[in-house]
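All chains, please: the whole structure from these sequences, using the hints.
Number of protein chains: 2
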Amino acid sequence: MEKIVERSILYDFYGELLTEHQKNIYEDFVLNDLSLGEIASDNNISRQGVHDLIKRCDKMLEEYENKLHLMEKFNFAKANVEKIHSLVRECKVSGDMRLIDDVEKLSNDILDNL
Amino acid sequence: MEKIVERSILYDFYGELLTEHQKNIYEDFVLNDLSLGEIASDNNISRQGVHDLIKRCDKMLEEYENKLHLMEKFNFAKANVEKIHSLVRECKVSGDMRLIDDVEKLSNDILDNL
Chain D
0 MEKIVERSIL YDFYGELLTE HQKNIYEDFV LNDLSLGEIA SDNNISRQGV HDLIKRCDKM
60 LEEYENKLHL MEKFNFAKAN VEKIHSLVRE CKVSGDMRLI DDVEKLSNDI LDNL
Chain E
0 MEKIVERSIL YDFYGELLTE HQKNIYEDFV LNDLSLGEIA SDNNISRQGV HDLIKRCDKM
60 LEEYENKLHL MEKFNFAKAN VEKIHSLVRE CKVSGDMRLI DDVEKLSNDI LDNL
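In the order they appear, the protein sequences are chains D and E.
For the first sequence, numbering that gives the first Met the number 0 assigns the number 0 to the initial residue and increments by one for each residue that follows.
For the second sequence, numbering that gives the first Met the number 0 assigns the number 0 to the initial residue and increments by one for each residue that follows.
Note that these hints are calculated values from the structure, not bench results.
Please read these numbers as outputs of a predicted model, since none were measured by experiment.
Mixed in with the good hints there might be a few duds.
[Claimed, not checked] Just so you have them, the derived chain E footprint on chain D, three or more residues with Cβ under 8 Å:
| # | region |
| --- | --- |
| 1 | 13 to 23 |
| 2 | 35 to 44 |
| 3 | 67 to 76 |
[Stated by the list, open to error] Derived pair list, reagent style EDC-like, types lysine to aspartate or glutamate, alpha-carbon separation capped at 16 Å:
| # | chain 1 | residue 1 | chain 2 | residue 2 |
| --- | --- | --- | --- | --- |
| 4 | D | K66 | E | D51 |
| 5 | E | K77 | D | D111 |
| 6 | D | K72 | E | E89 |
| 7 | E | K91 | D | E103 |
| 8 | D | K104 | E | E81 |
| 9 | E | K82 | D | E5 |
| 10 | D | K82 | D | D100 |
| 11 | D | K104 | E | E89 |
[What the hints assert, rightly or not] Derived list of chain E stretches under chain D, where covered just means 3 residues or more per stretch with a C-beta under 8 Å from a C-beta of chain D:
| # | region |
| --- | --- |
| 12 | 5 to 16 |
| 13 | 85 to 92 |
Glycine residues also receive a C-beta, built at the ideal position from the N, C-alpha and C atoms.
What follows is the structure, given as structure tokens:
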């Protein structure tokens, strides 16, 4: 996954565990796409300070995921619900009831992993 | 929800964010159902020390949930996947294809909230 996408997803899960200051800087960099120089100037800190803070936040967010694996579990559930959704639409169009067996199996897989 | 059940669910989500020492004591109390006195004696600390540690862990786990709401999101997804599962079984037994519409709606609701 592209680093910027991975960062924004991890932030979406665990961002609330950062301090307000960390959140502001991290959001400017990851979500608002500001440069290190712009953020440094806006917050009256050094470019190196911004760089270090972002690295530290990256590490914290990754550690939360390494410990909790909640993003991984969510992604699994989401991918399987999306499959259910498209199978159900296919079933409605084709009238092929055998697809229902696949939906049943997928819902079992999700419940086993939640 | 009963306090002991709520504790074990919160621990299941966020327990890995506690230290090894906190985890050992909390598990003995919440999962293994030992008394404060037993835990105190096993770990060579005071009964009050065990009590305070459990209170502190309760607070930490509750704060993680208050910030992240991941248990809440999981429970929503799980309840709806369970509904899908039982609708699909009903559909197979009765052959009533209208139930498929409900499955489609539920899968949409889950995706909107994940």
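Quick rundown of the hints versus the structure:
1. 13 to 23: holds (count 3)
2. 35 to 44: That given contact is violated, which follows from only 0 residues of the region 35 to 44 of chain D lying within Cβ reach (below 8 Å) of chain E.
3. 67 to 76: Our answer is that it holds, as 5 residues pass the Cβ test (under 8 Å) against chain E, meeting three.
4. D/K66 with E/D51: 25 Å, violated
5. E/K77 with D/D111: 10 Å, holds
6. D/K72 with E/E89: The hint is violated at about 28 Å.
7. E/K91 with D/E103: Answer holds: E/K91 to D/E103 is near 10 Å, not above 16 Å.
8. D/K104 with E/E81: Distance of about 12 Å is within 16 Å: holds.
9. E/K82 with D/E5: 32 Å, violated
10. D/K82 with D/D100: The hint holds at about 13 Å.
11. D/K104 with E/E89: 14 Å, holds
12. 5 to 16: holds (count 4)
13. 85 to 92: With 4 residues in contact (Cβ-Cβ under 8 Å with chain D), the coverage given for the region 85 to 92 of chain E holds.
Hint violations for this structure: numbers 2, 4, 6 and 9, all remaining hints satisfied.
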